[in-house]
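K.L.:
What follows is the residue order along each chain.
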Amino acid sequence: MMGNAILREIVLRRAMLGQLIGRNLKIRYKASVLGFFWTLLNPLLMAGIYGLFMSMLGRSMRIDAIFIGVFAWQFTMMCIGDGTNLVISNGNLIRKVYFPRIILPLATGGANIINFFLMLAVLGLILVLRAPGDAPLHILTHLPALLGIVVLHLFFNLGIICLVATANVFFRDTEHIVGILTTAWFFLSPVMYPVELVAAHWPKALPIYLLNPMAGFLGVYRSSLLPPLASDAVATPWVFLLPSFGIAVLVALGGILLFQIKQRDFADLV
Amino acid sequence: MMPETNSSSTPYAIEVHDLGKRYRRRHQMDQTLKSTLIDRLLRRSRTDEFWALRDLTFAIRKGTTCGIIGRNGSGKSTLLGVLARTITPTEGTIEVHGKVATLLELGAGFHPDLTGRENIFLNAAILGMNREQIAERFDRIVAFAGLEDFIDTPVKHYSSGMYVRLGFSVAVEVEPDILLVDEVLAVGDESFQRKCLEKIKEFQAMGRTIVIVSHALETVERLCDEVILLEQGAKVAAGGAGEIVAEYLRRTLGRDQVLWVEEYGDRSVEITEVRLYGPDHRRTAEWAGGKPAAIEIDYTAHLPIDNPVFGFMIKREDDRIVFGSNTQIMGYSVGHIEGTGSIRVDLRPLTLLEGKFYLSLAVHSEDHKTQFHRQESWYAFNVVNATEHHGQVLIPCTWSDGGQPSNEVPT
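Chains as they are written, first to last, in our numbering: chain A, 1 to 270; chain B, 1 to 411.
Hints are computed from structural coordinates only; laboratory data are not their basis. Treat the numbers as computed from the prediction; the structure is a model and nothing was measured. Hints should not be assumed to be uniformly reliable.
Unchecked claim - Derived coverage of chain B by chain A (criterion: at least 3 residues anywhere in the stretch with Cβ under 8 Å from a Cβ of chain A; other residues may be distant):
| id | segment |
| --- | --- |
| 1 | 31–40 |
| 2 | 73–86 |
| 3 | 117–127 |
| 4 | 130–140 |
Don't be surprised by glycine CBs; every beta carbon is placed ideally from N, CA and C.
Work out the full structure: start from the sequences and follow the hints.
P.N.:
Here it is in structure tokens:
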């Protein structure tokens, strides 16, 4: 009932959503000469550093797997970065114009998914160039799984955007708290190391570890983008990832619901 | 709670019932999780509440222009925010029949790095237009703003005037049923203000409903059919524009002053209404200094009276008399009165140039022994200099060659 009315309003305001997505992308790419190239260079560099670091520790994972990890991680991090100040920085708009507030997080998610698709295209190209034999066919056959996980990942990110955007209206130190939490989250997610590392050291903690939505996303990204090698098993059987998908959906719904409940007070507080 | 319908069955565009908005005043600097946790731990509460609006009930008829006036902090802007649906009311209901657009968000959502063209599309979409509507109205928007040559320049290079012009041009193209205007007429240069006024009159001619919040009382008087006066979040008066503006001036100017404000007399003759006229015989509460003005008094004589004396007096805020006169001094005989009638005094011209003044009126017997009705400092009015002269009063003067007095009649 309530959801329907909101959806109808979003459809009515699709021009605004489109314009805001366009604005977000234009501003991001206009801000520097290198534009999109920067958003690409950063994860590539980080992946290189992580790979180097992990091989120093003797725990290396294929660099391709680290690429995937860093790219997917960055998708969520950029959403959090844009989301934290979302309501505050659009305060003037919120105080003065009526529109369904959910359009703001939707536009942030929208701009970031377009950016992520571009990055995935570049990533796909890299992977195909590195393994021209197996990669194209493997990726093609896993395209549905890939698309599915991108949709879930986007939905999850939307919830996170709603969550941090709302929190920051009420607590202006959200940014710092989020900074600490995301650092912890980074090390608790298999971005630069394989899940097998956890399985080997703390096998009992593995079921809890795998509740992390990021672990679930990365599992599917890697298994659908990388042809399996005999030497390293990067694929976690999907059935173990199902609970994390459930958590992702819960986080998304919780974040959106919180935003929808609290948005009526935004104009008073920004 | 706030249905926006297109129902045409009601004669009202906006209906407000028992509206209230409560704010929790929080200390801006302490709006952090850290301080909140500390407060919880120490069981401190630092929120104090206040009602920005309370028990507000009114309705605005379709096709009319309604002004909302009141001092700063009286709740005007909150009310407009509630009508614009950006502020959620704490209690009460609001019904808005028709599409609302607000002229209070000129350039809201403009991004400095985007060009004028990009910002038009963005801003128009934010205000609720779809792509086709924007494309269709784009040229008109640019032309109205007069920014053809700068349309592909980032708006950060615009002057503030250009910025506001572009914002206004987009906003008026939304074509709403109900237009909310917040002090827009106070921005921009004179020619732009004129454009704004013309646009608003155009809206009025098209039968749209307009709600104006403004401090510019003259504008409110000129444009509005009805005016609502707010004081501390409550409606204290509502009615015709001239009447309510005068009421507002009486309340605000007379407040905290040492002025003697009183009404007395035996009311054998009662002053029932007083109208101030400016040049062009327009009714006003703001006189044009140096221009013709007039006071018209309606009275009711409950007894037959011969030759009563009507008088008026103008005082400053500090209770000093500026001028006073009456029919007897001027040798005007009112004659025999009974029942209702009216009397008029013309000031040709009003030689006051600037300031806030109070008008006292009196009607008493020919021998001054019986006061029928006296209103001391009862009507407040402003005088705004409408000449190029400087100072507080107009002194008629002429210039000529030295050595011989001018024969010209001073004007």
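K.L.:
For each hint, tell me whether it holds in the structure or not.
P.N.:
Do the hints match the structure? See the list:
1. For the segment 31–40 of chain B, the assignment as covered by chain A holds, since 5 residues bring a beta-carbon within under 8 Å of that chain's beta-carbons and 3 suffice.
2. As drawn, the segment 73–86 of chain B meets chain A at 4 residues by the rule of a beta-carbon pair under 8 Å; at three or more, the given contact holds.
3. Note: the segment 117–127 of chain B has 6 residues with beta-carbon separation from chain A under 8 Å; the three-residue rule is met and the coverage holds.
4. For the segment 130–140 of chain B, the stated coverage by chain A is satisfied: 3 residues place a CB nearer than 8 Å to a CB of that chain, which reaches the threshold of 3.
Of the hints listed earlier, there is not a single one the structure fails to meet.
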